[in-house]
Every structure is written in structure tokens, then in C-alpha cells.
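Q: Okay, here's what each chain looks like letter by letter:
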Amino acid sequence: MKRFAPLALLTAALLACQPATAPSTREHLVVSGAPYERGLAHGTQLRSKIRGFYTTLMTNSLFPFLSREQPDIATLLKEYEGEKYLGGRFAFELLLESGRSIERSLGRAGRDELRGIADGSGLTYEEALILNTFVDTTLAVRGIGLAIRQGRAPVVESVQLLGLEADGVDNDGDGQRDEAGEGTLTPYEPPFFAAAVEVDVSTRLRVVFSDPDGVDPQTVRVRVDEGLFTFGDPALEVLELSPTRVQVTWTPLTPLPAARPVTFVLSAGDRRVIEVPGPPRASFRRDEELVVTTRGAGLGVRELSRPALTDNRTRPPPFTVAVRGGRAVGGGPLLAHSFALLDANTAHKHTVSILHQPDVGPAFVTVGWAGIVSGLSGLNERGVGVSCNPSDTLDNSVVGSVLDQVADLSRAKLVASGLPATYLVRRVLERASSAAEGAEVLAEGNPVYGWNCTVADDRGGLEVVELDSDVFKQGQGGVLRYGPADLSPVSMRRYSSLTDDDVVVGSSYTRNVDDSITLNLAGQRIVPQRSWSGFFFRSRRVMDAVTRRLAARAEPVDVDWLKAVLVEPELVDRSDSMNAVVLDLRGRVVHSAMGTVPATSSPFVATEVRR
Amino acid sequence: MTRAVALALVVAAAPALALETQVLPRGAISLDLAYLRTSLDKQWSGDRRALSLIDELPRYEPGGGLQGILRARPVAEFDFLLVQALYGVTDSLSVGVNVPILMRSTISTNIAWEPGDYQPQLGRAYSLDDFWSWAQSMGQGRVPDRAVDTRFRLADVVLGAKYLLPRFEWMKAHHVRWSAQLNVALPTGTNADPEEAVSVGTNLWELHAAGDVELHLAADKHFFVDEHGVYRLNVGADVFYAFFRPRLYEAGRGLRNPLLNNNAFYVGDTYWIDPGDWLAGTVSVDAVPLVGPTLATIVSGNSLEKAKALPPLLTVSASFTYVATGQSDWQSNSALWDWDREKVWQPGEKNVFRFTGTVSLLRLGLPLQLYASYRSQDIIPGRFTRPANVFTAGVRAVAKFW
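Line order of the protein sequences matches chains B and H. Numbering-wise (my numbering), the first sequence opens with residue 1 and increments by one. Numbering-wise (my numbering), the second sequence opens with residue 612 and increments by one.
Same shape as in the complex, but just chain H:
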């Protein structure tokens, strides 16, 4: 209970575009509004076991032995609003901005108690209520069973550019595309509050969503492509390196939680976290079970031929991403304190599955796409990471200025 719940969410890489190499046509603009519901209730150990997000916490009566063991199994749920905009600078280059806003966070601590040694002065071992009563007698308030924060808070804004690389002839012949993408995050998110017993920050490291700088190299191969360039099946791949910049944090002074968040004296007023970088790869499959109907509407300039080149009515996608995470390095004045944190952020991995369905109404004359996705890190356990599961629903408006 003594530390803020550092969370691993996924907000940045919302499924705005299904393909790995998708770019917008020149002059096209896409506005995307998505709701993300994220839940997190465990962390993976080094041997892939599911552990509580917070280590069990033995509490001791000074000289009186073990009072008991606090076992929290926190469940963190987050509601994000994600606003994205993409613009096709050329037919090969798109730029975008991704603005995540945390609308609501709910952390249920789910604290359980295992009684410890017999306490002669009590005539019993401590119960959970006894423990909190004891803590309150020393000025430490009870940690709430449920903490809800409804303040709107900005996370790190991400700027991105994707460039469709020139294709070799064999690529064109085999419907293969490749692209490079650079994402750069602006430090608009916040750190966890050092004085709160339960707190979450909104920067990319705390959300564990994406790197501060990411470099992607992706490729797609279409199958069953019709004469309008619309495919029925696509197989894609993406490899990326995510760099995290070191972050400066303030240590707690026990202003609100004198016994739980008071470490500045030995940790230092501030400390650094070098999160460690990621190296990752994704494979994806997109299938098109339903292409039409297709209408000549204003969206296609009343041209049926052009309408048939618009995205299909229904696309379903599945992807798997493997992320190798580097060691996170705490740098404070106390190596012991650093290690208490570093030990759960050792080099590890995430195994991320995502399933997406996209309904595109462009062929019907509405410049909208609706999508929903579910992203899970539970299917294949990871190591030294925190698996967030994310449900996303969004709507995307696409327009082109001629």
C-alpha cells in the first residue's frame, strides 16, 4: 500500500487504421474520437506467474513482532478519451497527433489481512481494523478501499509521421507495401503524486503505453486484391524500437501519509527513473468478410468507380505483438529503495493480442468509420510487466479537401 500504483495501460496505439502501413491520401484528414476502458489487476513475475500489483506488506510492531501481512489485490480501471487527427501531406506521408485524456480512474485496493504474532498488550493478534486503528493512532490515515479520481488529466501527447516507402517492382507486383513511422511524445502527462498512498500518473512510462520516441518499420502484403485495389486479406508485420527518456520524480515528504509516503530524507528530494527501452514486433492479419454494398455518393464524388476503391464495409483484424522490455533503473540516494522498485521492472516481455472490427460507412455515403477492439495481455503471460486489458470503441470521420 505504500506506493502509488504504477499502471500499465495502452492508449497510444489505438486501432485508428487497420493496416500497418496505412496512410491517408494527400489532402485527406481523419478525425478520430475513441473511448478506452482499461483494467489492470496483476503483474507478471519473472517466471510468468500472476502477482498482485503491490507486494504483500508485512507490518511490524516495533519490538512486538509481526502485526500481520497486508495483502492488497488492487484493481485499477481507467476511462480515457482519445482524440486523434491524421492528415495526408502527400499520398505517401501522413502526420498525426494523438491526445489521450484520462477522464476517470478507479482503484479498488481489495486489502486482505493475515494476522501475525500474538500481541500480549491486545490479548489477540491484530485484525485489519486493529491495524488501521493502530496506524491512525500514529497519524497515518486508513488507505481508502476505493479511490476515484474524476479530474480530466492530459496524458503525454504523441506526434507521429508515417511515410510509405518507395516500392520495388516486385513489391508492386505482389501487393507489398512498406512504411516507416516516427512517433514523438510531448511531456504533457503527469507523474504520480508522491504524497498520495494511491495515485497514478499519466505519462507514457506510468501508463506503459508507448515510448517517448518510437521508430517503426512495417510491411503489409495484400491478398485477393480486386481491380479497385481492395484486398480481402492482408498480412502485416511491424518492428519497432521504443526509447524512453529518463524522468525526474519528487520523493514523498509524508505530508498526507506520514508513515507511507515519507522517503525524501534518504531517497533525496528528487530521483530519476530511466525506464529502459523496448524492442518489439507485431504480426497482424486483416480480413474483409464484407466489401459492399457500394453506392455512388458525395463521398466518392458521385462516382461508383471511386466508391469501389473506398475501404470495405467490414474489416476484422487480429494481431500479436511481442514487446521485449528493458531493465528500469531507479537512481536515487538509496540503492536499497531503488532495488525495491527495480526488482519488479527487470527485463521482461509483453505478449499482446488485439482483435478489432471496423465498419466503414464510406461506401454508403457516410464519411465515418466505427470500430471496436479488445486488447489483451493475459492470453500468453509476460514477464516483469503489468498486463492491461483495453476495450476501445471509436468513431472516425474522414474528409478530403480537393
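Okay, chain B solo, but in the shape it has when bound:
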């Protein structure tokens, strides 16, 4: 036996090399003390992940991506042609300048915590500042870019559902039948609800697109439920009315399905091909969605629920659903949040829940990412929970900075200011003892960008706060609040609730529908969210999808039911899902799924909010 000892040793040595195991993509930290100490603990414990997250998300993804906007922006704002912004530094400098502006709103505690993260992780303070402010700044800059791009894309001049003026039915819910213009949307305004109801199954659709560069008929696209109709299809007649206007008429070759909603999706591109930055492309109208019901559905204009779309062109945006009282098991309250925005194949590897135990104020848990002081949802030990969803608006601080400099655009810059949403969430968790107090904190927050936040407490307090930067001074201070029981003065219906004890919040405004005034600024058209945001129709649809499920649930809602809703494929963004959270306000438990993309591929993990 002895002679085999060397071989046995060699074998043992090889077998001792155990297979490597995958590191966790979600972390949990407990940090205590003063803000700097908590930041330092965060930075030190997640040093590797913070540096990795910064490199893979910022350096290798977002900086070069945002830098693509430089040529477009520099045509309007000449300052960005300067040497400081050349050599690939445009995005970094732009985000840093905004970060420094935002920094003034963070307060000493906020700055101290950032300094702690920087010291612990090895990031520079500026890098930590950018990591904690880029979301809002980027949303604002991208929002402007998107609005500019939509501004040069074909415009829907008019939409006409032919024959509605003589069908003997009130198709638009105005109490009149067959009045002049019934079935015609001119000028076209993207509808919040149904474009028409009770239309005949043979109804034809006519749309006029216009664009100064000409509308390319080859790019016209009409989707009707599952059917796609493009140039050359016998159902689609494309007529060039003039060099800048194209009329598209869709005729159903087979009748529309009876007694149900039908979704039309319209888009078209112009004739001018943009070469730089690549890839070469026309300017495309976003997908405009019109939903109608066919005769027999029996639904009013505002009763329609948008059906799911399955054409791989749309993804559900962030949403929140909250229940209390009779709608929740044991009275709840419960708040569920699905957050999807920017994974870029990296954010999901850097997720973290942090239990903060500050020297002063309540303990709280945030659900976020390595190096970022907070998240878009959280719960404190006083039983106050909060979640925020982005809501595109041109009433944002970056537009405000341009307005402030409009007298000399040659020296103007895009500079964000105010509080990022993650800091809004933090302040609610640090300060609020009730939903009402949380709403007050949000109202005082002066956000960088548009957000829809939902605050709830363990006694049943529940409020939605829709925020913008109020750069147009429209009289609401950029804050519009509502609860489940509040009624819209226009429709006399709840804003986004089925009962007094539930609310569904998406990524579009429900009350702040005229978030922005309409004006021309330096040749660019500023319009409300519904006219340009890529979130608008998606948000309306996801809100309807969640509301349908809530309506179908006869029994009180519990944590498991909410988890099940969050993981439903129709409600999950498979590319950019970042986390899914259920807050049990009374139990002081945060249930979070994250660490994968979509986040809902991971199991929910419970975290107690306890000192």
C-alpha cells in the first residue's frame, strides 16, 4: 500500500480543487452610524462590485452611449463643441456638471455618505457623485433627445375611423350620436382611454402623417391586433397627398372581432436618413396606439382595458400596486413595485439591499445597487414604504437650465438640479412616520426629473405623488397628489383605483396629464408627456393589465398574490427588469427579487426592517 502513497497524494491534491461556485449577484448589508460611516462600510464591503458596476455600466456603456448625442446637442448648444467635451469626455463632463449641481441639494449628510462610499470603494468622489445622480440626469437628457427626435419624425396629423358619423351609435362617450367629427381625432392627441367604442366590425381607419422631410411610404406600418400591414399590402392604401403628407387607409379584409377591444398601432418614418451617429436610420414616429371596441363590447370610453400586445415591440415599464383595508389580507397594507429601466447586462449583477441603522432617525431598508446610496423602493421601521417610477416629462430641471440660459444659447449647457429619485426615497424613509408625511417630504423635494411615487404606511395611509420640476410654473409646484378615493374633477372617476383601498401607478402621469405647457423653444417643440414619451402607451397598458388582475381577485390580496403578479410574463420587462419588491408595511418586511435579469427569475428574499 505504501508504494501507492505518492499517487494517492497526487490524486487527493487534484480532487481537493473543488469546483468554483458563482458569487452572489445580490448582497445584503447592514450599515450603522453616521452617514460617512455608513457610506464607508458600504464602499468597503462592496468595493469590487462598486468598481465593476461603475466600469461596466458607466465607462463601457452609458458614457459612450450618451456621447453619441453630442453632435445633435452641439448643433443647438455650441458650448458642447468645446475642447473640454472632446475625446469621448462629453458624457462624463455632462454628468459631472449635473452631479455638481445636484450635489448642492443633497445636504451635508448626503455628501458625507457619498464621500464614505468613494473612500471605501476607491472611486473618486466625482465618480461616486456621478454614479448616484446619473439616472435622473440621463433620463432628462435622453428625454430631451427623444423629444427632439420625435419632433423631426412624421407627425400624426389626423386619425379617422370612417363611418362613425352615421352608425347610429355614440362612439366617443359624449352623449351624442353621429355628431359631426365623431370618430375623427384632429388634431390628433394621443388618447388616454379608448379612441372610440362600439365601432362596426368593418370600420376603416384613415391616418394622415406629415413631415417637412417627406414621409416615406415604404416605412408606413399599421398593426391591427396580431395582424401586420405594411406598404404594398392589399389592405393598406398609401396615398401621397403632397411631398410632405401621406394618407394611409386601412380596410379590413375580414371583419374585426366582435364585441371586444381592438388595438391599432401606427408608425411611419421620414425620407431623411440620419447617418451620424450610426446606424443610418430615418426618423420614426413612436408607435401610436389606438384602442377601440367593436359593437357588443358594451364598454364606455373610460372603461376599456388595453389588451396585451405580443409583437415584441413593447416592454412593460415600472409599476406599483398598493392595497389596504378590505383589499388586503388582514388589512395589509401591502405595496408591490416592479422596477425596470436600465440593466445593460450588468446592473443585475450588482444588486444590494441595505439595512441602514442611522444614529438619528428610523432604521430602514433600501433595495438598490452597489455604490448607490438608495434605491427606488424601501421601507422604514416606522412602517412607511415608498416606491417611485420614472415619468417622462419636459418639465424637468435640465430643460429649466436651458430656459434660464435662453438669452444666449451659444453658452447654454444642459445642467440638472434638484434631488434625484433615490434621494427622494431616502428622505421619505429617513423622515416620515406616515404616508402623509412621506408625501410632504416628496412634495418638498424638487425633483431632477419626473417621477410617480407611491407612499403607504402601516395604518393604511396611501398616497400617490406625481412630480415634475415645475420649470414652467404651472401653479401646482410640480406636485400633484391623490389617494385611492380621490376623483378626477373632469371624469368624476378615481384616478387609478378600483376601490378606496387600492391604487395602481404606472410610468405615466395620471393626474399631472398636462405636465408641460406646449411651446417652441429654439425651434424645438415642447409638449406634454403623452405626445412624445416612449413610456406613455406602455404605461397605460401595464396599468390596465394590473388593474384587470386586481379586479378579478375577489379575495383580499396577500404577499404571495402580489409576488405572483410581479412575475407574470406580461408584466415583466425581460431585458431591463431590475428588481421586484413587495413591502409588508405592518410586518416590516421587504420581499425582494433581484440579481438576475429579469429580476423575477430570482426568488423573493425577505428582509426584516429591524434594528
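Honestly, the hints are just simulated from the structure, not real lab data. Treat the numbers as computed from the prediction; the structure is a model and nothing was measured. For each residue, glycine too, the CB sits at the ideal point set by N, CA and C. Hints are supplied without guarantee of correctness; some may be wrong.
Cβ pair distances, simulated, as ranges [claimed, not checked]:
id: 1; chain 1: H; residue 1: Leu793; chain 2: B; residue 2: Gln357; range: 58 to 66 Å
id: 2; chain 1: H; residue 1: Asp740; chain 2: B; residue 2: Gly163; range: 39 to 47 Å
id: 3; chain 1: H; residue 1: Leu770; chain 2: B; residue 2: Lys84; range: 55 to 63 Å
On the provided structure of chain B, position chain H as indicated by the hints.
A: Frame of chain B; chain H shown alone:
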């Protein structure tokens, strides 16, 4: 596409000598020149499935969802020149040196594209050209479809010594020999270029050819041995342990590929790879279908008797080697980054078949041997390894100084 293609080739153990225990007579010298053509197009998964050498790479538009999935099926082909020299120090001890030179590498990336989410700003989903155009707008050049490198590059030089162990009487009676061999590699090879999107190093770990230090214990048994000691059939076995030293690599700074090879900030300026060791065993069969003709020539000192003791005219060999590979361990500042690499280098195995034909002209008066071999790792799928198939052709000159 984001990483260098780490390759598994086989260059070190060329079939210089057919038998596991072969040594040269005292004073004999063998010079061997071989050409190796190596091709590699897949890696084995943990469940023995053939996967692309590079994981599929989903690409995302920040906030805009999935642009598409890059699927590369790279094929790497390498041309090596292998120079070997063996010297018989005694009748029982031979020493040698093995010098592999990479003459040419050709990597075809064979990139395919699966479109992802609809991109409203484009009015379509990204095509492959759209994707590269997008990447170029951010300073990242297109990865070439085919990368050819014709620079001559030295791989790790291997020094070896083989000792024919003293035989017991029963071994002699049954024509059994056994030997021990020690190989030690000199770090003359190179690491993959951290700044290149497609690159290959020439050290033994990247070539996955042999260990830095190998200890072999081998045995042969001859059958049908004639009065001159020439066998017609041989069965051999070899067990060896291969040790790999940890290696230091530099991380990329994105100097040439800013989006693909930029990781030094979080990985660290340098990182280590501890490749993990191997434990292996070989069984082989050598058959001699043709011994002669045999001539008394200068090679045999004009002695027919001596000529009949020279290697037979034709030997055909087949062998099977099982290699158990250990876990490779990346050690950088980022456990996530490490795991992305370690997951495809978990404890695994290679199943290597080799078929060799050797024509020895010594009996005809020419001190040359010609050989060709084919080595395949495809016949029995392995696990967590990269199967390189190697064709070798070589010529060996044998001389003895009296």
C-alpha cells in the same frame, strides 16, 4: 467577442518516439522537425455538449432593451513548427528539449446575430451591421471576421529527462520496461494580448498542451519479440501528473477596444490565473506490420546483425489518454469577473485519441524516420475543456557518435 480566445492546442507531446518508455542509446542524438496543424472550434460543457468557444453575448441598448445576441462560433487554426532534440546520456537516460514555434494563427469569428427588441428610434430591430455601426459610433471598432497573425512566436520551451528504470527479473523475462520522466517548461511563451479582441497566447496554459512540470511513470510490454529484440506488438501505459504554476496577466485598459477590453479599473491592473493541475493516464498499442527489408549499411556499421536490431520499417500506433483537469482559479479584484471565466474551466476531462504511423528508414541505410499522426478529442466528448484536433507530420534524424 469580448475576450481573447483561449485555446487548447497540443504541441508538446508530439510522437517523437512511439513507445512510452523509449530512450535513446548512449551517445545517440535525435533531431526532430515537425509541422503541426491544429484546429479548434468548440468547448465541452459540463454535460459534454459541444458549445461555442465564446459564450453568446447579449448586447443591450442602455434603457432600450436587447439589441440582439451576438453568437460567435470561432474556428481557430494554428500552424506550429516543433523542433525537438533528444540525447542519450546513457543507455537508460535520455534528455531532450522541445521548442514549439507558432508560425501562423488564423481565427475566424463566424459571428451570427439574433435580433433583439424593437428599437423605436431605428424603426426596426438591430441587424448585425446596425450593431457594429452603433458600436463604431461609440469608438469600438468592428471585430474582424478573420484575424491572421503570421508573426513567429515562441511557445514555452520544455526540457525533459526520461530514465529507464532498473528492471526486475520477471520484467526482463516478460519483455516489460518501465520508465520515469520529468518535463519542465521554461516560461518563454507569451500571454494573450489584453488589448486585442481576438488574441491567443503561447504559454502552455493557453495552449492547454502540457503542464509546466510533468512527472510520468510509464511501462511497456512487448509481444512477439524476435532474437534481435524487435517486437511486433507493444502495449504501453503511462500515468502522469501535470502541475501548472500560477500566471500573472495584465488586464485590459481599452486602449484599442474601449468597450470590449476595458476592465483594469475593477479587475485590477493585473490578475492571477492558477490553472489547476492534471492527472492523466494513457494506454497505447504499437503494432509492427512491416519489419524489413534490412540492409547492412553505414547506419549499422555495415553489420547486418546490428541492422536487424534497428527499429522496424513501419510501426502503427494508437493511444487513448484520459486527462482529469482541475478547477482553474482566477484571482482578481472582482469575484464576478473571475466567475465568468472560471465557470467554463471547472474540473473536467479530456479524452484524447492519437493514431500514428512511423516509417523508419534506418534499416535501409538512411538515418531518418518519417511520421504522421492525428490526435482527436472529439471521439469521446470531454467536460469543461476545449478539444483541439492536431495533425502532425515530421521527420526525425537519428545519429550516434561512437
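Q: Work down the list of hints and note, for each, if the structure agrees.
A: Consistency of the hints with the structure:
1. The hint said 58 to 66 Å for the Cβ distance between H/Leu793 and B/Gln357, and at roughly 60 Å that hint holds.
2. A hinted range of 39 to 47 Å holds for the C-beta pair H/Asp740 and B/Gly163, which are about 44 Å apart.
3. Taking 55 to 63 Å as the suggested C-beta distance range, the pair H/Leu770 and B/Lys84 conforms, at roughly 57 Å.
Of the numbered hints stated above, none is contradicted by the structure.
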